[in-house]
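K.L.:
Listed here are the chains, written in short residue letters.
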Amino acid sequence: MFGGFEVFKYVKLLIVCSFLLCLVSAPSWSKIRDGIPCSSCHTMHYSQNGGVLSSWGKSGPYKALVVNDCLGCHTGVNNGQNYTPYVYSTSEPLYGQTGTESNTNTLAGGNFFWVANGSDDKGHNVRPFPEDSVFGNTPPGGTALSSQLSCAGANGCHGDRSKQDEFEAIIGAHHADDTTIDGKTVGSSYRFLLGIVGYEDPNWEYQPDVSHHNQYKGYDRASETDVDKSTISYFCAECHGYFHNGSGQISDNSAGWGSPWLRHPTDYDMSNTGINSEYRDYPGNYAASGASGSNPYSVIAPVGSENVSAPKTNITFQKDAIVTCISCHRAHGSPYKHILRWDYYGWPEKTNTNGCNACHTSKD
Amino acid sequence: MDGQKKLIPMDAMPVTRQKTKFISVLMALFVFMYGWAVSFSWAGKYTDSAHGDKIFGVKRSALSAYGRGNCGHCHLQHGSIEGQAIGPNSQAIGPNSFGLFAPNYNTNVTESPYEASDNICFLCHGPSSYQSGGITNYDYSKTFGGSSFVTVNTIFDAFNLKNLYTNSSYHDLYDIYSFAKNQGWSFFKDKSNPCVACHNVHLAKLIKHNVQNAADYSAVSLPVSKNIGNRQEGHNTLWGDDTDERMSELYPSHYQAPFYYSSQSTYEPGGVSDYTGQKMPDYVTFCTACHNSTNEIYSTELGRYLRKIDWYTIMNDGDSAEVYSDKHGRNPASVIIYMKKPYVSTVGIGRDINFITSCTDCHEPHGSPNPFLLRSEVNGVIISQQINIDDNTIGYFCKACHKDDAALYGNSSLTNKWEGVHHIEYDAPYPRQHCKTCHDMGGGGMGGKPPIPCLKCHKHGYKDSLSGRICF
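Protein chains in written order, with the working numbering: chain A, 58 to 421; chain B, 349 to 820.
Extracted from the complex, chain B is given alone in its bound form:
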């Protein structure tokens, strides 16, 4: 009224004081929570990563002035080192995309064999590593399966097994690049490296030093965004490091981890006592981010699009679908399966049917001496036979988990014979007649008929019209 503020003694406004106190407490709480949240989000992601680790992280031999883990081992802020844009081997070192010390990825090379210079990652993760002391990366079979069979020593080797094995396979980098580029993922640019489709190089952890804790030390990130509760997973987070990103959580009590090499009591990853997948990243969700029932993925090596994969839908054999849901996934076996340990009720999770498997239980991520990235060690067993795609030698792989006639009937001469599960045992799908319908030559006694190439029926998303069964 008179333009002056009316002063009221504090003790004359108890309600206001209480309100003020309440608001103050709220504000303090907010400030604390905000600070906590902020500090949590600044929890040192890069320095916790394999590349940023101050003990094991990046350290190029030629750059002694830079601390281990320093950005400068990969990135040149000004496209040169000490003013030089030419490296010790006369190669141009800058400027390159992302300020890298070498060209990121050579899109002109569409298939293996690769040169180290085709991918900057190979310059350190290869036999002539720039990294002080070099870097050894074995394959999945040895690192997490414990295999005594050394197929590769570096990532570069894994992508170049074509040089050593006729039927080798690898995750074609150009195919990954092409697919990723077409997905419109915001993190993947024209000049990106295909490795970053799976790995965030600033987050990927030192998993090889923590094989028994592979989930906490995950090296992969989802290329797609996935909302889980209040958080969003994707390229900027690790996949597998949260407890609900483990195989044990994908389909609870249905994942049985395979045996660790040469063991009947320890399991993957790394020979842990846990068999439920609590230590294993949910590689199914990870891999099916791309390899799912909808994506069209072209394979330069195969000269065709890859088969689509439905690892999730539960359906009956009689159901119709564009992509039949795999029984190695959540879709249960129809009646009975004849399995080896630990996929029997007396071991592990206590069931003998309706398992879900992890992609890595069978496949290598980078490269394999076998076709289709099939591992060289499975369920504790080394696959020493050459595997071909056009005969039944893949059976040597399958029998690491499934019972062939040798296992069913205790007769080693029936190794990799499969008459029992197909024609003899309970729920066998095919009658022992009209042999020629399937077997080209027909006739002969038990195990004497020409084998059928396994891949004729047993492949992702396939239903055999003769038996009417989904058979993968």
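With the rest of the complex left out, here is chain A:
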């Protein structure tokens, strides 16, 4: 039917098409998974049949030819099967007591629902949600932002903050090879937090258990000015500086580091505490589902580690019991004041659940 030349021609065409497909479609090692059509996220003319699709954002056209802004794409209800992590839900998500129970549908960062609905101290006040009524645009522990917080960009968390615009700050990251999270580029940084490393749970901690969770990077530092710029706590400190590091800001110990603390330490390895200290009983009553053995990991009050190649199922107190900002707080929002993971303010009068006791095991 075909001559040899024609066969060669078709093979050549197939190779070229495959190459093009590789270029334009999502490789399996990026955030955008195989099989997702470009049109799920992009539009060439911000127009379809002369109009704007109902699923698209209404403020377009958007940069990078995308169909919506950050929040627009990441709004929805998580069900454990969704490809896109939803960080904002238009109806109240299921958080339970700690956001980790089997009947919950929030992710590791929590959800912006509460800050969007009248509780400005229950989420990071990113646009378009209300500014913080107490702090305005000045992050506690840090200096004022030039404008309201955004998802990305110069006043954002994700992406390259040297870029003013949030699209430009994040551009290309979703298609980047993230098989190795090394923090060198936005795409290869933990959750696109430039410079930060960590293990990313593929399900973003939807109903996490002892084997399925993020592993946050921590650092067993030696002084209150000693920092590792790849830790999750250092990232928070880029805005909330004094809460993490600074001379005379964290420790009142005459040796320069250690108890008595001035502020709750982060990037502090509880392995430095005495063998009989209460901290060696981590996680107290707060072990993750599926836990076994000594000192199982807690997804309620997670601790960081220097090695983040895989999620820890158990703590060995060898640079893997590191307090982080994320040990107590959700990054996006929670139903609790100051984005805490549990109802700290209500404890013990109104609730028996207090993740503080995962570390402060004798204070329950």
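FYI, nobody ran anything at the bench for these hints, they're computed from the structure. Because the structure is a prediction, the values reported are computed rather than measured. Some hints could be false.
[What the hints assert, rightly or not] Here are the simulated DSS-like cross-link-like pairs (lysine-lysine), alpha carbons at most 30 Å apart as the crow flies: (1) A:Lys420 / B:Lys688; (2) B:Lys751 / B:Lys688; (3) A:Lys394 / B:Lys402; (4) A:Lys420 / B:Lys529.
For this one, chain A is given, so just place chain B on it according to the hints.
P.N.:
Frame of chain A; chain B shown alone:
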């Protein structure tokens, strides 16, 4: 041999199966015991404490968002509240040591009177309390002795009685701090508060609401480690809450609890019917953790080191010792003592000699209108007279338990006269001659001689060389 596992039918290895079953049972038992032990150790220590109590615990008026008992009433995790590091009265609230909302303790103040800001505890346990509704803390005499005499209403007041009473005394906080710091106790740091030498604020229970069960609701923790059986007591445990940490166990059948105020049938603490100390923490072991026969403890107020105390050794009057063992402790009286109820054989534990007393039977822990932290109510009797250290007015205190001449001879005009026990009664140590040897002026009739200051002989660890007797 061929690299493959050889499969053996289960029923072909009965011994192995039994072993497996046995091991399984053992493992299950271990898991259960471990779980039980773990759950026992997580028995809610802080939430059982006075500060963590969800009904009576910490609740600062200014912090309505925080639940009662919440850590945030004392600790600011980020050294600020709502981003503010300045409090409502323009005082800096953070960051402070231990993340506290105010400076923990002012080491520049070496003696009373104190300001509330000198010690963070005073900010709540003081007259202008930050605590919603305030906190009332009476002294030991009223709280556990039932005294109708109110000397203080707060802990702060107890440490500041110098403002009200010339001869008052208090447990000097700087002295405690200095002593504790030099002991090398791991829990006590340079920036620690002297109160934590005696109290673990995360464990201390609501004893004032449970005065008749003072031991179960103990508010103190040993500053030193003490092994008892398989457990270790210390700063991280309460002292008195275990049954073998009671006065009744210190020297069994030798502790007689003093009367509750105005009662002849109920006893301390709190007016209980028990007189053996089953409800009373073993305050002897607690206090002698510091005030013992070896520690050198300096008193800023007295300008000298405190007398050492041996409450345990049994010795004879003729024995030599660097510190003579007190007869108010385990060391028995030599021959006879003349005591009032309940320290007579017809009442209580049924003995009239060889008692052991608790430090709190005589002393206040925080402050007193009297010298040496002597209580204002003792053995059911209020001490209304002013007590001085340089005369015999301390006798008014002693006669709450010991018989003065008025009690011995039924003559009220001989109140606080002590000729009987010293010169007249059986086993009296001093002959009625050479009066001037002891009495400065000498001469005179019965009770007419100038009294000798009690403290000349009756003090901790002292033996009178004239009589050759240990006389405290």
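K.L.:
Return the numbers of the hints above that this structure violates; sort them in rising order.
P.N.:
1
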